[in-house]
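First to last, the sequence lines map onto chains A and B. Under our numbering, the letters of the first sequence match residues 1 to 312, in that order. Under our numbering, the letters of the second sequence match residues 1 to 427, in that order.
The set of hints was computed from the structure by calculation and includes no laboratory data. Given the structure is predicted, the values throughout are model-derived calculations rather than measurements. Please note: incorrect hints may appear among the correct ones.
[Unchecked claim] What the simulated footprint calls covered on chain B by chain A, stretch by stretch (three residues with Cβ under 8 angstroms from a Cβ of chain A suffice, anywhere in the stretch; the number is not a length):
| no. | segment |
| --- | --- |
| 1 | 257-268 |
| 2 | 386-392 |
[As the list claims (entries may be wrong)] If the Cβ cut is set under 8 angstroms, some of the chain B residues that face chain A in the computed set are:
| no. | residue |
| --- | --- |
| 3 | N79 |
| 4 | S196 |
| 5 | S247 |
A virtual CB, placed ideally from N, CA and C, is assigned to each residue, including glycine.
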Amino acid sequence: MSVLTPSRTSGRTANAQENFSAWANRHRKWLFAAPAMIFVGVLIIFPLAWTLYLSLTDSQGSVRAASDFVGLENYLTVLTDTERFWPAVGRTMSFTLVALACEIILGMAIALLLWRPFRGEKWVRVAILLPLVATPVAVGMMWRLIFDPNIGFANQLLGLLGIPPQPWLSGQDSALPTTIFMDVWQWTPMVVLILLAGLTALSDEPDEAARMDGATALQRFFYVTLPLMMPTVIVAILLRGIDALKTFDILYATKGKGGGSFHEVETLNVYAYGLSFDYNQYGLSSAVLILFFMIIIGSMWLLTMRKKAASK
Amino acid sequence: MKRRSVVQYAAVAAALSLGLTACGGGSSESKGSDTVRVTLANHVWTEGIKAAVPEFEKSTGLKVELTQLGEDQLSDQYNVKLNAGSDEIDVMMYRPLQEGKAFAKNGYLADLTSKVAEDADWNWKDYQDGPVTASTFEDKVMGVPIITEREVLYYRKDLLKAAGLEVPKTMEELEAAAKKISSADTAGFVARTGKSAAVTQFSSFLYSFGGDFTDESGKSAVGTEEAKKAYAFYGGLIKNYGPKNVSTDMSWPEAMAIFTQGKAAFYTEADSLYKNATDPAKSKVADTVGFAPLPAGPAGSKPYNIPSWGLAVNEASANQDNAWKFIQWATSKERTLEAQKAGVPGPRASVWADPAGTSTYPKDLAAAIAVSAENGVGHDRPQVLTVGKAREIVGGPIVASITGADASAAADTANAAFQKFLDDENK
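The shape of chain A in the complex, shown without the other chains (with noise of 0.2 angstroms):
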């Protein structure tokens, strides 16, 4: 008896490994993919939940104190907030919108430019794609000088052409439109280099049998070239439209907590980082964040739904 009672132990481990083994295979498509699950689950998962869950009390103060469950309220303030939430949307809808329109067409016409090689061609990338590399807090502290009303260079050298000084980032409307011209600056460089990628996948062909029957180089960019970009302009769109909804950096930078003394960059990025940091209002935040995100995931699919429609 006492013989046999180690072969009994070594065959159950056997037995164990063998059935883990089993296990394992079977299930292994869920095993191998676990690491990540569970780094979603903990980076973005719960985040997103935690904030779900306190967008439905009304923390504030300190997370840690005591908070009520209020239902929808929150999300009823903020929907009805003429004040600040929704000029805030309207912000972040035009800077998106005006941004995005302008950084695609200057996109386009750049790596038009530089499709065809040319001498010198190595040295204009680089330059060309120097502002995307630079940190966005430095780039809005930059443009904060270059346009300030009194002793910034912009005014001075408008100065120079006879033209009367500008408010820039100062003026009540001409905040905005300001921002919107640094964000171009800076981002346009990445939409050259996605539509560059494109472009230099196109095959030939198509262009040059458009040529043999004469089309003008204008008609070549419309009925051919553009059409059969239509795919790398909509994934440019979509990565970049998604980047400029959430801009906060140079916002911030240039005009600090609240967007300015009329709000008049506040988005609604700046807008939560407000009420979450400045405010303390952790309830109302999170509900704005829950907003924001379903409007960002809700332009996204629309954008999704428009590239499969263009790619059939």
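We have chain A already, so just place chain B on it with the hints.
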């Protein structure tokens, strides 16, 4: 670090940063350890302390781990870490009037009442009344003030001389002088213009016109006749005699830049920033800048006299005794004197009484400070929990007045909004 606090830290950081940048953090563990973790703001005071830390480490055998951040980053850092009950900070540099009340109410700050009373040599009684009151919450000492500020008048001696003017002693004289000097390329007057940033510097004008942010019963007082006159006067000075194309986002760096570039004759600002104007490396007018007490309004000259920064101990810190040791050293008479000589006005009466304490100050500035310390008011912003929001509300009429809108109507709107804010906060 406790498991619970890790989860809380992650939760708060994640919740606050959704859609924003992720928050960094995490450092070595310590429980009553030999390492004191100190978080300080970028300031002249901090530079002095940083240089002296080895001296503290040598005499106590403790190690100091220093984190230094900009003002806004510091606030954000506290919001995330203290909210999560993190024990990663032992000593924290904080703004008693901006965050002190909220932090104390949230239980972020350790009660130092018994600690300050213990050491007679260090002497808590040496601290000026205003700063002590501002660092106290519900009769408990929550922090030790390190830097104090009063509003003074910065002016250009050369411009006044050229115009044949005396240094203005009243608000009327200030306005007349600003008007006389104001020209196409030199402004008569400059000051902060940002809705929130200007509130502290406007406060002295408000008091000197006989107003305050709230009345004795705690009700909003920004709609009173006195307040309306103060709003109209401060905004009017900037609108009529300020720089052309004046921005309504200026805090001190922008306003100071205009003054030190030689583009303004008068400037009202905190005295603790005087080095920016007298240091030839930073200022084109270093030789010609003069200082005077805040001109008197209808209610006299009533500048604020406040502690702008203090040191506190994190309630969640497991290293509170060593944290206190650091504070005791950093706020000692010797260190305060050193800091004051380097240009940081301190809160200790004995250091002000010591001729060495003002030896490095321009004479007129030292005299102006002495006057302001006497008739100063102990706050420079509404004394509420959510100071950030309150500043935006009471700052509205300043901006309205600067842009030429109806300041009186703006004051009425602000008054109603501020009253609602106070009601909500006291609910």
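Okay, the hints, checked on the actual structure:
With a cut-off of 8 angstroms between beta carbons, the segment 257-268 of chain B has 4 residues touching chain A; three or more are needed, and the interface restraint holds. Against chain A, the segment 386-392 of chain B contributes 4 residues with a C-beta closer than 8 angstroms to a partner C-beta. That satisfies the three-residue criterion, and the hint holds. The restraint placing B:N79 at the interface with chain A holds, with a minimum CB-CB distance near 5 angstroms, inside the 8 angstroms limit. For B:S196, the suggested interface contact is upheld, since its CB lies about 7 angstroms from the closest CB of chain A, less than 8 angstroms.
Restraint check, B:S247 versus chain A: the minimum CB separation of about 3 angstroms is within 8 angstroms; hint holds.
Against the hints set out earlier in the document, no violation occurs for any number.
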